[in-house]
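Asks: These protein sequence lines map, in sequence, to chains U and B. The first sequence begins at 1 in the working numbering and counts up by one. The second sequence begins at 1001 in the working numbering and counts up by one.
Derived from the structure by calculation, the hints contain no laboratory data. Errors might be hidden in some of the hints.
Said to hold, decoys possible - Pairs of lysine-lysine residues, derived as DSS-like cross-links and limited to a Cα-Cα distance of at most 30 angstroms, are as follows:
#1 Lys172(U) to Lys198(U)
#2 Lys1051(B) to Lys172(U)
#3 Lys285(U) to Lys1371(B)
#4 Lys172(U) to Lys1055(B)
#5 Lys1051(B) to Lys285(U)
#6 Lys1051(B) to Lys311(U)
#7 Lys285(U) to Lys1285(B)
#8 Lys55(U) to Lys1311(B)
#9 Lys198(U) to Lys1198(B)
#10 Lys371(U) to Lys285(U)
#11 Lys1066(B) to Lys311(U)
#12 Lys375(U) to Lys279(U)
#13 Lys375(U) to Lys257(U)
#14 Lys172(U) to Lys1285(B)
#15 Lys51(U) to Lys1285(B)
#16 Lys1279(B) to Lys279(U)
#17 Lys1066(B) to Lys1051(B)
#18 Lys285(U) to Lys172(U)
#19 Lys398(U) to Lys1257(B)
#20 Lys1066(B) to Lys1198(B)
#21 Lys315(U) to Lys1051(B)
#22 Lys311(U) to Lys1043(B)
#23 Lys311(U) to Lys1055(B)
#24 Lys55(U) to Lys1043(B)
#25 Lys315(U) to Lys1285(B)
#26 Lys1066(B) to Lys172(U)
#27 Lys51(U) to Lys1172(B)
#28 Lys51(U) to Lys1257(B)
2 protein chains.
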Amino acid sequence: MATQEAGKLEWRISVDNGTTERLVPRSGLSKRIFLWLKDLVMKVIMERVAKFMRKAWRIGADDPAKVVHCLKVGLALSLVSIFYYMRPLYDGVGGNAMWAIMTVVVVFESNVGATFCKCVNRVVATILAGSLGIAVHWVATQSGKAEVFVIGCSVFLFAFAATYSRFVPSFKARFDYGAMIFILTFSLVSVGGYRVDKLVELAQQRVSTIAIGTSICIIITVFFCPIWAGSQLHRLIERNLEKLADSLDGCVAEYFKENEVSTNRNEDENTNMKLQGFKCVLNSKGTEEAMANLARWEPAHGSFNFRHPWKLYVKIGAAMRRCAYCLENLSICINYETEAPDQVKNHFGEACMKLSSASSKILRELADMMKNTRKSSKMDFLVFDMNSAVQELQETLKNVPIETNKPEEVPSEEENKVDSEERTTSMSLHEVLPVATLVSLLIENAARIQTAVEAVDELANLADFEQDSKKKTGDNNTKQPPLSS
Amino acid sequence: MATQEAGKLEWRISVDNGTTERLVPRSGLSKRIFLWLKDLVMKVIMERVAKFMRKAWRIGADDPAKVVHCLKVGLALSLVSIFYYMRPLYDGVGGNAMWAIMTVVVVFESNVGATFCKCVNRVVATILAGSLGIAVHWVATQSGKAEVFVIGCSVFLFAFAATYSRFVPSFKARFDYGAMIFILTFSLVSVGGYRVDKLVELAQQRVSTIAIGTSICIIITVFFCPIWAGSQLHRLIERNLEKLADSLDGCVAEYFKENEVSTNRNEDENTNMKLQGFKCVLNSKGTEEAMANLARWEPAHGSFNFRHPWKLYVKIGAAMRRCAYCLENLSICINYETEAPDQVKNHFGEACMKLSSASSKILRELADMMKNTRKSSKMDFLVFDMNSAVQELQETLKNVPIETNKPEEVPSEEENKVDSEERTTSMSLHEVLPVATLVSLLIENAARIQTAVEAVDELANLADFEQDSKKKTGDNNTKQPPLSS
Chain U
1 MATQEAGKLE WRISVDNGTT ERLVPRSGLS KRIFLWLKDL VMKVIMERVA KFMRKAWRIG
61 ADDPAKVVHC LKVGLALSLV SIFYYMRPLY DGVGGNAMWA IMTVVVVFES NVGATFCKCV
121 NRVVATILAG SLGIAVHWVA TQSGKAEVFV IGCSVFLFAF AATYSRFVPS FKARFDYGAM
181 IFILTFSLVS VGGYRVDKLV ELAQQRVSTI AIGTSICIII TVFFCPIWAG SQLHRLIERN
241 LEKLADSLDG CVAEYFKENE VSTNRNEDEN TNMKLQGFKC VLNSKGTEEA MANLARWEPA
301 HGSFNFRHPW KLYVKIGAAM RRCAYCLENL SICINYETEA PDQVKNHFGE ACMKLSSASS
361 KILRELADMM KNTRKSSKMD FLVFDMNSAV QELQETLKNV PIETNKPEEV PSEEENKVDS
421 EERTTSMSLH EVLPVATLVS LLIENAARIQ TAVEAVDELA NLADFEQDSK KKTGDNNTKQ
481 PPLSS
Chain B
1001 MATQEAGKLE WRISVDNGTT ERLVPRSGLS KRIFLWLKDL VMKVIMERVA KFMRKAWRIG
1061 ADDPAKVVHC LKVGLALSLV SIFYYMRPLY DGVGGNAMWA IMTVVVVFES NVGATFCKCV
1121 NRVVATILAG SLGIAVHWVA TQSGKAEVFV IGCSVFLFAF AATYSRFVPS FKARFDYGAM
1181 IFILTFSLVS VGGYRVDKLV ELAQQRVSTI AIGTSICIII TVFFCPIWAG SQLHRLIERN
1241 LEKLADSLDG CVAEYFKENE VSTNRNEDEN TNMKLQGFKC VLNSKGTEEA MANLARWEPA
1301 HGSFNFRHPW KLYVKIGAAM RRCAYCLENL SICINYETEA PDQVKNHFGE ACMKLSSASS
1361 KILRELADMM KNTRKSSKMD FLVFDMNSAV QELQETLKNV PIETNKPEEV PSEEENKVDS
1421 EERTTSMSLH EVLPVATLVS LLIENAARIQ TAVEAVDELA NLADFEQDSK KKTGDNNTKQ
1481 PPLSS
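When you get a sec, could you build the whole thing from the sequences and use the hints?
Replies: Shown next, in the form of structure tokens:
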């Protein structure tokens, strides 16, 4: 805008002084076009930059831990740079301070577990490959003319073996980075030894610079606002349990709510968000497994001991995913083309809502157990509630109005009333189908929630969650779950 | 074994010569214990190594491409080592040949796309960060006493910004590695410039070594048995489509097969494998997205042009996953506690089998379209078949025996016969529930398959798959789908 105004100014001046020089307006015009084009390009670029910045800002606002991580990277690099600026330190590592900087850049990860994993991998692989490389170099020098051949073959073989080992899943999960550093160091030492004279000294300096780099990383990652992979995983599972509970409640309520409301489906963005919450759980496998792997590298912190059973989180995650598959298919019922008649909905509504609320109560209790790392004293009651809700729903199925010869068996007044009302209008299984699907998915979901309960219980026992003494105060938490994200 | 036999030998000798020296048997005993322990430890180690080797062997046997990749890494490293061995080449890059080796180790990935991605990232980020670093270094030297301060601040700021950008998903998907290399190079150049005199020369040498390393990687990865991420993704989708078809057929057949057979469920390992095939699809999202991202870096190869619509593979994958969720829940019906009565099964069996075979035919046709990169001339018929199977199943629902007032509408002889047979035995919705669930899942699955068909059609149009002219010869392929893996 400022440039455009400057252009206008130019133009006006040239008109005023038009008598002295006729060419000025034309050059002013071309300048205007140039400025206008520049303006346009700048605008487009600025818009894209602004969009990127807005996206970046939102990421930071959603998860301040990411901003903290970036600050820590800057800090670690500034710290390690001191080795360059201070003569004694620089000379102390024989001018190889560069390796310390490199170590910090490649090793510093956003959580403690990943940083530890990379540090250990880097140090161990460097020492191992370095000594092997020196040994091969020695053998090569002894073999006279075949030196190049010996080095070449050994590089080929070790590179082959190390690369191959990276394909073995159990090895890859822990030592992938180490295998790469092994190849790197081995090649550098064995091949590099061909030209470098003081190989052992060089190796020593390199190990010490790497040690300096890794220690700076570890100190900063642990002592400045540490971000623990374990805690993140723990919170992820907790949040996912809450999302499942919200989705379950939301889906069933959505299905059984009055028709006039359901025409205006997008009335509430928030409700829709909750309904879709289970989708985060569907594809969480990779994240959970990666984080559980990283969490194993972390020292004891917060309420997690050194040998915290992180593998169980993967198991809990798998159980939750199975619940999410059920919820995914609940959407079939909601979007079914032929809506079930109202009397069918009324017949099943109460029992379904009861089961879904009993199920989601368990999910919320599990989330609360995770949140406060406590055992639950009322879980047994909740599971019992859920199972009796399942029983009740199955009874309701047996008393379904399209069926004619059984209602005598359970002659409760309310159901009899509904029955007599509905036996007049008969309906086909076709109409009942969505409700029937909903019912069987809810029953299956209840069974799957039970496996989740077992997995969390196992975790609570193995990880020594504290006994649920303050049950009364905890109760409020359970009923008003935090609805973050 | 050999050591144990050696031990026995020792023992016998000492007994034979027992008269001359009494101590020998005792020392033989301790030696035996030592040998036995050594043996035990060796055995345990050997067993673990053997287990690891067996696992590694199986990985290689399952996917020879992995072995090829390892050989290529060895080859690339041996090639790049030549720079060390040959004096003129070594001197040409001022003794910085080490950087070429390093580039090869960190840049060489198992498929062409990943290698290209890393090469481009590394080169661009190095040049960008190198020039920026030199600029900052120049500014710093001009600022006299504040030199260290200027360098320190710039390193902190750029490290912060680059690290932060790695959290933006769209940026991370393409330039994650580049951002790391940017931080690395910038720190090395700007900080390193504090001690190095010929900074520009150093930067030039480094760029040229990196160029050498990346070109060796690109040449080897493209010209020696190339492994294309795109082809892998294409085959993955194709195989997953086949797995879905097998699982669908298997699940429905499993449900409707005769009872006496179903008691012996584990009779066929192969059948079980097929039933579980859909599980690979459930968690394929991460792999598919990663491969689609990498495939975009690849040049034209095989039947894939440069701008092949790789993003559509993600869409197809998503549609397939939605089918897999349906299949996952089909297992509910199979494992349902109360099995549906035989007459119900008989009533629905034919229609369900028809729908499932129509659906799986479409999936196999899609797999065949992918395999031969051809458009399908008979897809419309297959979809029509599937939709009429859905219609038929819905009709069957309307004529379900527990319903009493509608069968007059569709008075086909066969169904009337069944009806009259079954109206005598009444049953509750409770008993019909598993079948009802199966039916609604099958119908939903058909709808989801249609979205997959649309996605594959879109791909076929955008990627210019060839017209299906040799329909007659192709026909056989479709009916005998390859049941690999």
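Asks: Does each hint hold? Answer for all of them.
Replies: Status of the hints after comparison with the structure:
Distance check on the hinted pair: Lys172(U) and Lys198(U) sit about 34 angstroms apart at the alpha-carbon level, beyond 30 angstroms; violated. Restraint check for Lys1051(B) and Lys172(U): the C-alpha separation of about 16 angstroms stays at or below 30 angstroms, so the hint holds. Using a Cα cut-off of 30 angstroms, the hinted pair Lys285(U) and Lys1371(B) holds, with the two alpha carbons roughly 29 angstroms apart. Simply put, Lys172(U) and Lys1055(B) have alpha-carbon atoms about 13 angstroms apart, close enough for the 30 angstroms limit, and the pair holds.
Between Lys1051(B) and Lys285(U) the CA atoms are separated by roughly 27 angstroms; this keeps the pair inside 30 angstroms, and the hint holds. Of the pairs offered as hints, the one joining Lys1051(B) and Lys311(U) holds, with about 22 angstroms between alpha carbons and a cut-off of 30 angstroms not exceeded. The hinted pair formed by Lys285(U) and Lys1285(B) meets the criterion: a straight-line CA distance of about 10 angstroms does not exceed 30 angstroms. At roughly 22 angstroms between alpha-carbon atoms, Lys55(U) and Lys1311(B) fall within 30 angstroms of each other, so this suggested pair holds.
Straight-line distance between C-alpha atoms of Lys198(U) and Lys1198(B) comes to about 24 angstroms, which keeps the hinted pair within the 30 angstroms bound. About 21 angstroms separates the Cα atoms of Lys371(U) and Lys285(U), which keeps this hinted pair within 30 angstroms; it holds. Restraint check for Lys1066(B) and Lys311(U): the C-alpha separation of about 28 angstroms stays at or below 30 angstroms, so the hint holds. Restraint check for Lys375(U) and Lys279(U): satisfied, since their Cα atoms lie roughly 28 angstroms apart, inside the 30 angstroms limit.
Restraint check for Lys375(U) and Lys257(U): not satisfied, since their Cα atoms lie roughly 35 angstroms apart, outside the 30 angstroms limit. A threshold of 30 angstroms between alpha carbons decides the hint, and for Lys172(U) with Lys1285(B) the separation of about 20 angstroms falls inside it, so the pair holds. As the CA atoms of Lys51(U) and Lys1285(B) are separated by approximately 27 angstroms, the hinted pair is consistent with the 30 angstroms bound. Among the hinted pairs, Lys1279(B) with Lys279(U) is consistent with the structure: their alpha-carbon atoms are about 17 angstroms apart, no more than 30 angstroms.
Note on Lys1066(B) and Lys1051(B): the hinted pairing holds, with a Cα-Cα distance of about 19 angstroms set against a maximum of 30 angstroms. A distance of roughly 17 angstroms separates the Cα atoms of Lys285(U) and Lys172(U); the hinted pair therefore holds under the 30 angstroms criterion. Taken as a hint, the Lys398(U) and Lys1257(B) pair is honoured in the structure, with Cα atoms around 26 angstroms apart against an allowance of 30 angstroms. As the CA atoms of Lys1066(B) and Lys1198(B) are separated by approximately 43 angstroms, the hinted pair breaks the 30 angstroms bound.
With a C-alpha separation of about 25 angstroms, the suggested pairing of Lys315(U) with Lys1051(B) holds against the 30 angstroms cut-off. With a CA separation close to 29 angstroms, the supplied pair Lys311(U) and Lys1043(B) stays within the 30 angstroms bound. For the proposed pair Lys311(U) and Lys1055(B), the alpha carbon gap of about 22 angstroms is at most 30 angstroms, so the pair holds. Among the hinted pairs, Lys55(U) with Lys1043(B) is inconsistent with the structure: their alpha-carbon atoms are about 57 angstroms apart, more than 30 angstroms.
In summary, the hint linking Lys315(U) to Lys1285(B) is supported, as the alpha carbons are separated by about 20 angstroms, within the 30 angstroms threshold. At most 30 angstroms may separate the alpha-carbon atoms for a hinted pair to count; Lys1066(B) and Lys172(U) meet this at roughly 14 angstroms. Note on Lys51(U) and Lys1172(B): the hinted pairing holds, with a Cα-Cα distance of about 16 angstroms set against a maximum of 30 angstroms. Simply put, Lys51(U) and Lys1257(B) have alpha-carbon atoms about 58 angstroms apart, too far for the 30 angstroms limit, and the pair is violated.
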